[in-house]
Amino acid sequence: MEPSAFWHRIETLAAWLLALIWAAPLLYAFWAAFHPPHYAVHFSLTAPLTLANFVEAWQTAPFARYFLNTILYTTTTTALQFVLCTLAAYSFACYDWKGRDIAFALILIQLMVMPDQLLVVNYQTMTALKLVDSIPAISLPYIASAFGVFLLRQNFKQVPIALAEAARVEGAGPLTILMKVYVPLSKSVYLAYGLVSVSWHWNNFLWPLVITNSVTTRPITVGLSIFGSPENGVNFAIVSAGTLMSVAPLLVGFLLFQRQFVQSFMRAGIK
Amino acid sequence: MQIEVRSLQKNYGRVKAVRDVSFDVAEGQLRVILGPSGCGKTTVLRLIAGLEPVSAGSIRIAGVDVTLLPPDRRNISMVFQSYALFPHLSVRENIIFGLKVRKVPGPEIEKRLERVIELLGLGQRLDAKPGELSGGMQQRVALGRAIIAEKPVTLMDEPLSNLDAKLRNTMRREICALQRRLGISMVYVTHDQVEAMTMADRILLMREGRIVQDDVPESFYERPANVFVARFIGTPPMNILPLCNGGGGAALAPDGPVLYPGLDGSRFKLGIRPENLRLADEGHPAVVTGKEYLGSDTFIACAINGHEAIVRTRGMSDLAPGVPIHLTWDSKTLCLFDAHTEMRIEDAPEAEPLP
Ligand SMILES: Nc1ncnc2c1ncn2[C@@H]1O[C@H](COP(=O)(O)OP(=O)(O)OP(=O)(O)O)[C@@H](O)[C@H]1O
Ligand SMILES: [Mg+2]
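Just so you know, the protein sequences line up as chains A and B, in that order.
Mapping to the working numbering: the first sequence position 269 is 269, numbers consecutive.
Mapping to the working numbering: the second sequence position 352 is 352, numbers consecutive.
Since the hints were derived computationally from the structure, they do not count as laboratory data.
All values reported here derive from a predicted model rather than from experimental measurement.
Among the hints, erroneous ones may be present.
[Said to hold, decoys possible] Here are the simulated SDA-like cross-link-like pairs (lysine to any residue), alpha carbons at most 20 Å apart as the crow flies: (1) A/K187 with B/P87; (2) B/K129 with A/L185; (3) B/K100 with A/M112; (4) B/K332 with B/R344; (5) B/K332 with B/I211; (6) B/K103 with B/E118; (7) B/K103 with A/L175; (8) B/K100 with A/I143.
Start from the sequences, fold in the hints, and give me the full structure.
Right, dumping it as structure tokens:
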């Protein structure tokens, strides 16, 4: 056998193995959710299929409210990120002002700070703002996203200056130029960034756990954990059913728009 | 005057891109700014457009001092070198972009669009994106966007430099025809002297941020201000030959015929266009050094007293390198330049006819 063909096989094998390890928890969740609780720890091909776990999960916890909270939190966060990051990136990419480079360096530093490190400080800020246990409180720490500013700035910088100048000669003001030239030309970046942001915040756990403590604010990740915590007695079948329900919207969305997502990621240059 | 530029200066840090430039553009005139790369042509245009602030000087458009006004209040439209078409918008949206931004009413937009489409022959491709069009079509869309605004002044920065030679000729004629038809005052930047000579009502030749000559095209050809202009205009350029002292005056060779009796030859240079040199049985002696056959013409390179000169002859030539020849010319076509300053001598005496 040729050495290159050999290595190719090894690579393929490794890729499959990695994919399997990656998918294992999800596959297990599927198994546990669709079978009676008894089969959660014991594999049998003849096990009967059932939807009872989903019904029970839905009835045990206020899932509908959790979903609503997650949707509110995720959409407001992403929408506010779009607005704020667009404006900041526009200023960094197209305007020359005193201290611009220092400000941008600070933003880059923020990229390197793990959000978890700021948990306590953020909590103090929210207390000061009297926002503890509210949906805006979950969003606020994230809306000035360094990643978003950086990504959009890089993209805006690639837009030829002549386009902005042409628009300027035609009578467009700064905001019109932004909305009619820069934003439409960065559509694929917005799509890719939006996807990253939505999936990240949909799955966000630690900060929402700390800042929320009532049903009306808790996102689904937090709700799920309370309901699966040991003091309630862990029923893996029901936890799995709950988990599947919570990731279903993302999963379905991704499967439907897979091709567009991958393409826009390629175009946006995030790999 | 449609545009009046006075003592314009522009510095980028220590680089003096434009130093003291003044000129006028008359109403309906096609004014070409010509010059080698880096001489400041684009900078002058951008200053007129208001895309850059001036370092000193003033600009008036249609009698209004616009020096401090933003581009959209200067009553100008502009065509960029790269066309600057919006890639995400269709041809139609590109052309009417400015009208929509300025909130021109819908029916008025349609009326103007129809006219522009007819003028430029863009009918079939209105819904295409710029990326799907050929270079020539993109150029037309850029022109369309400039003329639909119906501004009295249009600025163009090397609009043809991205096109191939054949298309360039066609578009050159189209732009000229359009400019005449609409009576626009146009400032057209190019580094191509052929474009300048064929299109311009008046040319401004720049070098290193300064004006070298501001004149009508014929004068550039017949009465170049200095050696630089003489060499810049014309293909092949004007022959510049140093003079020396012959017997009793300035001559091309110490033993050759005297051209300017009583003149100190060492202080002057002689200029003569290749097409004004003729092969003859008698005249000034020279030796063939090479030739270039172009089909309709042949450029014969020859040495006059060791200095190279090009002679333009019709059709083929069977002269081989090393063959001695004789050249004649019409004395009226000679230019005399100062050997030191390289400026043309305005009141030069007419040269003696060749024996
Ligand atoms: N934004 C800028 N910053 C610094 N220097 C500049 C800038 N724009 C132009 N220059 C300098 O100014 C001088 C004139 O430039 P300009 O672009 O006007 O030349 P040009 O005649 O248009 O040349 P080309 O034929 O290459 O387009 C050049 O030396 C150039 O390097
Ligand atoms: Mg230029």
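Of all the hints given earlier, name the ones this structure violates by number, lowest first. Violated hints: 3, 5, 6, 8; rest satisfied.
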